[in-house]
Amino acid sequence: MKDMSFEKALEKLENIVGELEKGDIPLDATLKKYEEGVALARMCQKKLDSARQKIELLVKGEDGEFVKKDFEGDHDED
Amino acid sequence: MAGGSNAHIYTVTELTRDVRLVLEDAFTGIWVEGEISNLRLPVSGHAYFTLKDENSMLKCVLFKSAGSRLKFALEDGMRVSCFGRVSVYDKQGQYQLYADIIELQGKGALYAAFEQLKERLRKEGLFDEARKKPVPFLPVRLGVITSGTGAAVRDILKVARRRFTNIEITISPVKVQGDDAKHEIAQAIELMNEYNRYLANTGSKEHPIEVIIAGRGGGSMEDLWAFNEEIVARAIFASEIPVISAVGHEIDYTISDFTADHRAATPSAAAELVIPEKDELRGRIDGYTDRLGAAVSSRLDLLGTRLKNLSDSYVMRAPVNAVLQLEQQVDDLARRARVGITHHVELQKSGFAMLAGKLKALGPLSVLNRGYSITFQDGRVVRDTEGLRPGDRLLTRFARDEVSSRVEEVRGKNERHVI
Chain F
0 MKDMSFEKAL EKLENIVGEL EKGDIPLDAT LKKYEEGVAL ARMCQKKLDS
50 ARQKIELLVK GEDGEFVKKD FEGDHDED
Chain L
0 MAGGSNAHIY TVTELTRDVR LVLEDAFTGI WVEGEISNLR LPVSGHAYFT
50 LKDENSMLKC VLFKSAGSRL KFALEDGMRV SCFGRVSVYD KQGQYQLYAD
100 IIELQGKGAL YAAFEQLKER LRKEGLFDEA RKKPVPFLPV RLGVITSGTG
150 AAVRDILKVA RRRFTNIEIT ISPVKVQGDD AKHEIAQAIE LMNEYNRYLA
200 NTGSKEHPIE VIIAGRGGGS MEDLWAFNEE IVARAIFASE IPVISAVGHE
250 IDYTISDFTA DHRAATPSAA AELVIPEKDE LRGRIDGYTD RLGAAVSSRL
300 DLLGTRLKNL SDSYVMRAPV NAVLQLEQQV DDLARRARVG ITHHVELQKS
350 GFAMLAGKLK ALGPLSVLNR GYSITFQDGR VVRDTEGLRP GDRLLTRFAR
400 DEVSSRVEEV RGKNERHVI
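Sequence lines, in order, name chains F and L. In this text, residue positions in the first sequence follow numbering that gives the first Met the number 0: the first is 0, and each later residue adds one. In this text, residue positions in the second sequence follow numbering that gives the first Met the number 0: the first is 0, and each later residue adds one.
Hints are supplied without guarantee of correctness; some may be wrong.
Said to hold, decoys possible - Rough simulated footprint, nothing fancy, chain L against chain F, three-plus residues with beta-carbon under 8 Å:
#, stretch
1, 5–11
2, 18–29
3, 34–42
4, 52–63
What the hints assert, rightly or not - A few chain F residues that face chain L, going by a derived Cβ cut-off under 7 Å, partial list only:
#, residue
5, 14
6, 46
7, 47
8, 70
Everything labelled a hint here was simulated from the structure, so no lab data went into it. For every residue, glycine included, the Cβ atom is placed at its ideal position computed from N, Cα and C.
Between the sequences and the hints, there should be enough to build the whole structure, so can you do that?
Put into structure tokens, the structure is as follows:
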């Protein structure tokens with residue numbers, strides 16, 4: 000679940016909410032789903048809060064290999 | 000012979016060559032305009048056609064080398080301006096125009112090229128909606144193909160920073176105008192796809208590029224031309240990674256816009272498409288959390304109600320009922336038992352009363368009550384006349400009182416009846 004993308008997690012959360020709102024699953028499954036949903040929501044919020052912006056350049060090297068470099072051109076004055 | 004013996008007699012070849020020289024001298028680097036007809040495009044790659052107007056026709060040739068620079072394909076009926084030189088095709092003694100540049104009149108060459116390519120690619124299915132891939136919402140890793148120094152890349156990064164910081168952005172810088180632009184853009188799209196395959200094949204923990212924004216800021220139609228090139232369209236079409244075309248908004252659409260999985264009017268708009276607003280997301284998550292809680296508590300409420308309904312139902316109450324019934328039965332039995340006992344007691348009681356009555360009736364007082372009396376002599380009951388003598392004192396007892404008397408005469412058994 001940790002490696003899940005934000006989009007996947009949000010989608011899964013959405014599905015769980017839908018399932019629970021339909022209310023046609025057994026109670027113990029409901030509680031499990033609820034716990035899962037809460038964990039997903041928490042994970043989503045955490046992902047929102049973490050600031051891990053990574054900007055890099057990807058180019059092809061002389062021998063056709065992948066070359067990655069830091070991006071220097073971002074001089075934003077905002 | 001007319002004309003004199005001094006007159007030079009040309010061979011056909013000589014005359015043809017001289018005419019060619021005259022024509023080439025006089026008509027080099029000229030523009031001529033007309034309508035294309037009788038167009039022939041043999042496999043050699045050269046193009047042969049006739050330029051005509053209302054009254055005249057001019058044979059024309061466009062050699063392959065010059066033709067490859069054309070942005071559009073020649074068609075019969077096109078009104079064009081041709082730049083070139085007039086010369087003679089010796090073998091047929093035919094003068095003709097050797098065109099180097101052909102420009103479309105009216106709509107313009109670029110426009111014609113655009114329309115032609117669009118039509119061709121559309122027919123081939125490159126714009127089919129069914130082939131378009133969905134654009135991921137909030138990708139972990141975003142690919143950007145644009146100039147490394149242009150406004151587009153700055154705009155995209157600005158949007159990313161403002162909206163959602165937790166995103167990886169991989170930029171492949173390319174030229175976005177000039178002759179090399181189309182190749183660089185196409186290669187960068189291929190590069191990002193290759194890179195994803197490389198990540199997958201090596202089992203890398205790096206996130207793959209989930210979506211590509213390819214574009215540039217606004218410019219003239221010529222500036223944007225790379226995004227109308229077939230090679231770019233084909234690279235976009237072949238890309239396994241969804242591509243958002245984001246070319247500045249001065250013209251309505253580029254070929255890239257039609258081919259891409261999604262089109263945005265500007266690079267900023269493209270970034271906003273895949274990078275949603277953080278606050279909006281937070282609100283959505285909160286909303287889901289609320290709904291989760293509400294769903295579960297309403298579920299519990301519902302279950303509570305059901306449980307209550309069930310426990311109230313006849314079936315669930317049956318054991319209690321049975322007990323109640325048994326209790327009732329017990330009560331009933333007890334009541335009956337009581338009644339029985341009471342009855343019995345009553346019976347007994349009335350039995351006693353009867354016996355008592357009998358006893359009473361049998362008792363001497365009762366006999367007296369019925370009118371009999373008892374006679375005592377000296378405290379002993381007088382049962383017969385034996386032992387009695389005249390002058391004996393007798394006490395006679397009635398029901399309520401008594402009387403004392405004296406015996407006057409004693410009679411035998413037989414005389415007693417007479418009394």
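> Is the hint on residue 14 (chain F) kept, meaning its closest Cβ partner in chain L is under 7 Å away?
Replying inline: The hint is violated - residue 14 (chain F) has no Cβ within 7 Å of chain L, the shortest such distance being about 10 Å.
> Per the coverage rule (Cβ-Cβ under 8 Å, at least three residues), is the stretch 34–42 of chain F covered by chain L?
Replying inline: Answer holds; 3 residues pass the 8 Å Cβ test.
> Are there three or more residues in the stretch 18–29 of chain F whose C-beta lies within less than 8 Å of some C-beta in chain L?
Replying inline: Coverage by chain L holds for the stretch 18–29 of chain F (5 residues, Cβ < 8 Å).
>> Next item in the hint list is residue 47 (chain F). Is there a CB on chain L closer than 7 Å to its CB?
In response: holds (6 Å)
>> Under 7 Å is the threshold here; is the Cβ of residue 46 (chain F) close enough to any Cβ of chain L for the hint to stand?
In response: Status holds, d = 6 Å.
> If you take the shortest Cβ to Cβ gap from residue 70 (chain F) to chain L, is it below 7 Å?
Replying inline: holds (6 Å)
> Has the stretch 5–11 of chain F got at least three residues whose CB is nearer than 8 Å to a CB belonging to chain L?
Replying inline: Since 3 is at least three, the answer is holds.
> the stretch 52–63 of chain F covered by chain L? Criterion: 3 or more residues, Cβ-Cβ distance below 8 Å.
Replying inline: holds (count 8)
Of the numbered hints given earlier, the model fails hint 5 alone.
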